[in-house]
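Trainee: Throughout, our numbering is defined as the position within the sequence shown, counted from one, plus 431.
Hints in this document: simulated from the structure, not taken from any laboratory. Mixed in with the good hints, there may be bad ones.
Derived BS3-like pairs (lysine-lysine); straight-line CA-CA distance at most 27 angstroms [claimed, not checked]:
id, residue 1, residue 2
1, Lys523, Lys545
2, Lys441, Lys452
3, Lys452, Lys545
4, Lys523, Lys441
5, Lys523, Lys552
6, Lys552, Lys445
7, Lys523, Lys452
8, Lys523, Lys445
9, Lys552, Lys452
What follows is a list of derived Cβ distance ranges for each label pair [claimed, not checked]:
id, residue 1, residue 2, range
10, Lys452, Arg509, 34 to 40 angstroms
11, Gly496, Gln448, 14 to 20 angstroms
12, Lys552, Arg509, 38 to 44 angstroms
13, Ile490, Pro525, 20 to 26 angstroms
14, Ser505, Pro551, 34 to 40 angstroms
15, Lys523, Thr436, 15 to 21 angstroms
16, Ser438, Glu477, 17 to 23 angstroms
17, Glu477, Tyr510, 34 to 40 angstroms
18, Thr436, Pro551, 26 to 32 angstroms
19, Phe492, Asp453, 18 to 24 angstroms
20, Glu502, Arg450, 18 to 24 angstroms
Even glycine gets a Cβ: it sits at the ideal position worked out from N, Cα and C.
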Amino acid sequence: MELYTQSQYKQLIKNGQNRDKDHYPVIKLFMPGMAHTWLITELDPEEPDIAFGLCDLGIGFPELGYVSLEEISSVKNRYGFSVERDLHFEAKYPISVYTDAARFHSRIVESSDKLDRFNPKKPGGCTPS
Numbered sequence: 432m433e434l435y436t437q438s439q440y441k442q443l444i445k446n447g448q449n450r451d452k453d454h455y456p457v458i459k460l461f462m463p464g465m466a467h468t469w470l471i472t473e474l475d476p477e478e479p480d481i482a483f484g485l486c487d488l489g490i491g492f493p494e495l496g497y498v499s500l501e502e503i504s505s506v507k508n509r510y511g512f513s514v515e516r517d518l519h520f521e522a523k524y525p526i527s528v529y530t531d532a533a534r535f536h537s538r539i540v541e542s543s544d545k546l547d548r549f550n551p552k553k554p555g556g557c558t559p560s
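Please put together the full structure from these sequences, using the hints given.
Mentor: Here it is in structure tokens:
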């Protein structure tokens, strides 16, 4: 499976050209049968193998940073599966909201009830210190 579509690739590169913005994740990657998840917001335009996003390896410490798409796509889990793209993922929040919620819950979460409290644009939402 391709890690991104052509239109997603264009958006990832466009986001990479404007790194100062709080982008919405463009793709969600995951390892079947494991707790590994990546929410990717951008690709480095000069080195498109390098992606930026929220990385959760399932050990309780999700982290915002850079990852090599070649490296994560080359890994297979114990069942022989490689990383896949979630075909149904659609980001509803900027990466900062996913990051704050993931740090609070010690994993990437996607439900609105868990994410809204970290969205400063929602009534009652705030960014925890």
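Trainee: State the violated hints by number, sorted upward, taking the hints as numbered earlier in the document.
Mentor: none
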